[in-house]
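A.B. asks: One letter stands for each residue in the lines below.
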Amino acid sequence: MSDERRREPPGELRGDAYRDPGLVAALAGRVRAAASELGRPLKLMHICGTHEHALGRYALRDLLPPELSLLAGPGCPVCVCDSALIDAAVRLALRPGVVVASFGDMLAVPGSLPLRGEGKGDVRMSLESARAQGGEVRAVTSVFEAGRLAAETPESEVVFFSVGFETTVVATAALLRRDPPPNLSILEANYYTPPATAMLPSLPGFDVDGLLLPGHATAVTGTGVYDGLPALGISCAVAGFEPADILAAVSAVLRQLLEGRPRIDNAYPRVVSRQGNPRALAELAEVFEATPRRWRGIADIDASGFDLRPAYRQRSARARFPDAFTAEGASAREHPAGCRCAEVTLGQVTPDACALFGGRCTPDNPYGPCMVSHEGTCRAWQQYGMARGRIAVRTA
Amino acid sequence: MSHYETIRLSHGSGGRLTAELVRDVFLAAFASEPLAALTDAAILESPGGRLAFTTDAHSVTPWRFPGGDIGRLAVAGTVNDLAVMGARPRYLSAAFLLEEGFRLDDLAEVAGSMRRTADEAGVAIVAGDTKVVERGKGDGIYIATAGVGWLPEGRDIGPHRLTAGDVLLVNGTLGDHGMAVMAARQGLDPSGSLRSDVMPLASLVEALLRAAPGTRFLRDLTRGGLAAVANEMVAGRPLGLRVFDARVPLSADVMEIGEMLGIDPLLTANEGKLLAAVPAEEADAALAALRAHPAGRRAAVIGDLLVEPAGLALVETAYGSRRVLEMPVEEQLPRIC
Numbered sequence: 001m002s003d004e005r006r007r008e009p010p011g012e013l014r015g016d017a018y019r020d021p022g023l024v025a026a027l028a029g030r031v032r033a034a035a036s037e038l039g040r041p042l043k044l045m046h047i048c049g050t051h052e053h054a055l056g057r058y059a060l061r062d063l064l065p066p067e068l069s070l071l072a073g074p075g076c077p078v079c080v081c082d083s084a085l086i087d088a089a090v091r092l093a094l095r096p097g098v099v100v101a102s103f104g105d106m107l108a109v110p111g112s113l114p115l116r117g118e119g120k121g122d123v124r125m126s127l128e129s130a131r132a133q134g135g136e137v138r139a140v141t142s143v144f145e146a147g148r149l150a151a152e153t154p155e156s157e158v159v160f161f162s163v164g165f166e167t168t169v170v171a172t173a174a175l176l177r178r179d180p181p182p183n184l185s186i187l188e189a190n191y192y193t194p195p196a197t198a199m200l201p202s203l204p205g206f207d208v209d210g211l212l213l214p215g216h217a218t219a220v221t222g223t224g225v226y227d228g229l230p231a232l233g234i235s236c237a238v239a240g241f242e243p244a245d246i247l248a249a250v251s252a253v254l255r256q257l258l259e260g261r262p263r264i265d266n267a268y269p270r271v272v273s274r275q276g277n278p279r280a281l282a283e284l285a286e287v288f289e290a291t292p293r294r295w296r297g298i299a300d301i302d303a304s305g306f307d308l309r310p311a312y313r314q315r316s317a318r319a320r321f322p323d324a325f326t327a328e329g330a331s332a333r334e335h336p337a338g339c340r341c342a343e344v345t346l347g348q349v350t351p352d353a354c355a356l357f358g359g360r361c362t363p364d365n366p367y368g369p370c371m372v373s374h375e376g377t378c379r380a381w382q383q384y385g386m387a388r389g390r391i392a393v394r395t396a
Numbered sequence: 397m398s399h400y401e402t403i404r405l406s407h408g409s410g411g412r413l414t415a416e417l418v419r420d421v422f423l424a425a426f427a428s429e430p431l432a433a434l435t436d437a438a439i440l441e442s443p444g445g446r447l448a449f450t451t452d453a454h455s456v457t458p459w460r461f462p463g464g465d466i467g468r469l470a471v472a473g474t475v476n477d478l479a480v481m482g483a484r485p486r487y488l489s490a491a492f493l494l495e496e497g498f499r500l501d502d503l504a505e506v507a508g509s510m511r512r513t514a515d516e517a518g519v520a521i522v523a524g525d526t527k528v529v530e531r532g533k534g535d536g537i538y539i540a541t542a543g544v545g546w547l548p549e550g551r552d553i554g555p556h557r558l559t560a561g562d563v564l565l566v567n568g569t570l571g572d573h574g575m576a577v578m579a580a581r582q583g584l585d586p587s588g589s590l591r592s593d594v595m596p597l598a599s600l601v602e603a604l605l606r607a608a609p610g611t612r613f614l615r616d617l618t619r620g621g622l623a624a625v626a627n628e629m630v631a632g633r634p635l636g637l638r639v640f641d642a643r644v645p646l647s648a649d650v651m652e653i654g655e656m657l658g659i660d661p662l663l664t665a666n667e668g669k670l671l672a673a674v675p676a677e678e679a680d681a682a683l684a685a686l687r688a689h690p691a692g693r694r695a696a697v698i699g700d701l702l703v704e705p706a707g708l709a710l711v712e713t714a715y716g717s718r719r720v721l722e723m724p725v726e727e728q729l730p731r732i733c
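So the protein sequences, as listed, match chains A and B.
Numbering-wise (this note's numbering), the first sequence opens with residue 1 and increments by one.
Numbering-wise (this note's numbering), the second sequence opens with residue 397 and increments by one.
These are computed hints drawn from the structure, not numbers from a lab.
Pairwise CB distance ranges (calculated):
no.: 1; chain 1: A; residue 1: T395; chain 2: B; residue 2: E401; range: 43 to 51 Å
no.: 2; chain 1: B; residue 1: R687; chain 2: A; residue 2: E259; range: 48 to 56 Å
no.: 3; chain 1: B; residue 1: A432; chain 2: A; residue 2: T395; range: 27 to 35 Å
no.: 4; chain 1: B; residue 1: R693; chain 2: A; residue 2: R394; range: 28 to 36 Å
no.: 5; chain 1: B; residue 1: Q582; chain 2: A; residue 2: Q348; range: 33 to 41 Å
no.: 6; chain 1: B; residue 1: R512; chain 2: A; residue 2: R270; range: 41 to 49 Å
no.: 7; chain 1: B; residue 1: A425; chain 2: A; residue 2: P292; range: 50 to 58 Å
no.: 8; chain 1: B; residue 1: S455; chain 2: A; residue 2: Q348; range: 42 to 50 Å
no.: 9; chain 1: B; residue 1: R512; chain 2: A; residue 2: A282; range: 52 to 60 Å
no.: 10; chain 1: A; residue 1: G389; chain 2: B; residue 2: R694; range: 33 to 41 Å
We treat Cβ as the ideally placed atom computed from N, Cα and C, and that holds for glycine.
Bound-form chain A, shown alone:
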């Protein structure tokens, strides 16, 4: 759960009511009826790692009709984080007097620098391997914890590796506005999803009928930032993260398909609004500006990242340690050999299409970023056994 978790207003259903089996069964029935009325194969895509987890945890694909597939798109910030930024973080961690702090998920993701001495194929340096080599690396649960770390260790330079989507960048902006310790800097690695989402329809072979938009990110930005999608003929609904939320959003998209009128339905109105969170957006705009960003293995996407504005640039790790940001020693290949993470991230293949999935690449020995990160599609598929499809049982 992220920053905008909140209590439901009085009179609304409580969180667990959105798990109510009767409600879920009714919504699943509505989805089946609409799919049957449409009478053709249907492809929907979500773009949020937390949605894929909910699909796995509640085995919600079991409840969908067979002609409807719900794919996972680019919803894992750690998976798309430019390997060059990971390399910079690794170099900084190995530098005496520098501590690199980031989310636990980020620490195990390999960049492109070869890990020497392992001799087991295309194995690369992560922040964890930097730590094993004596680098100072800390797992934190928020930028505020990194700020506290900086206050407690004034003799060190603390670099917060600020990975995440528009949800986590808001927290980074909030801290920087509150004058954190001078020895704290930010490695700018936040990604902005709408430009990447807008790019999806231009990809060869894209045949998705509708998108489930990410509830947390949209709570910050508002739904307006996705207005271009219906114009391209793509039906959209904002989805929350409980089983009923997700099925309600699927049902809303199917209704649009039946009516032949693509639009953006808000199926998460208890959290998401059209205009977003004005205070968060104002703080964000004061501290950060849009910048082109490399999506690992995918493309350079215009205005898909956040860089510090000039007034805050003295907080930029890139400005403070420019020599850590070189391409020296990096592999030309962004993902390790054989890894299909880029295609998985775009929803072009499911994880089980990758020859490495579940064999060479497992959560305890991950090979590509989509298996390392808890937000990654491969990780969720492995964790919940989603490659098995519907699991039959026989009792005694």
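Assemble chain B onto chain A, guided by the hints.
C.D. replies: Coordinates of chain B only, in the frame set by chain A:
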């Protein structure tokens, strides 16, 4: 051999890497028949009958946590490893690894807590040792324990007796210990009511075995939680295991913190909870006996053993859909999005 060349934190998480470490390093070096069973306690023949023998090491940060401390944890953990073998715990030893600078009054507090927990469990602490390491080379206090219990004649509890159709019960809410410690570390506990469940279970087990003498299998749900034990039960056996998600008792606080941090209570450590597999015809009696005991008030039937899919542990949701309950692989980390 493992993929790793150095010890990682995940090697201590009770998941797959722990299992690999035990198999590849310790079983390889120590091979003996009682150890090879890999049960919570070794069963040893002695001239006067059978003994159950176990050992355990304890490190927890913070050492004092909501609902308990490392001393209570050390005693209860050792007692429970004996009890789930069907043994009556009797004697414990305790070795203390102390860091220079650890406060003596804190140590006295830990020792007092151990004594109270031992009295509660009906065991005596009869041997001990102390070592002190230099400041910076320990985490305040570590405790290593060993325990011995008598195994009554005719008791045979273990995974070899598991049978398709068996009913699975737990003695209360899951995830309390792990979530309380994690919340204490993160400074998160919205209502301030999260408590570790750390508790000796010897008398609960005796009550259960009186009511359900056909009990086939017991295991305390420590590191790796229900998920680790469920997977160990079916690995390599012609059995499947099904947990009904909606029947697993969870406290509201554990659910809330778990969702906030992205941490699954089914994979979270308990220190006063066990899983029992009993023949279907004894399930009602077993449930009643557990609920009649103070350590089992919120006991519940949570699942069953299946013919198929063999070797797999499943969760069946309230919607009838099914997913794999995977063996935990590492320390759980809070998610970021």
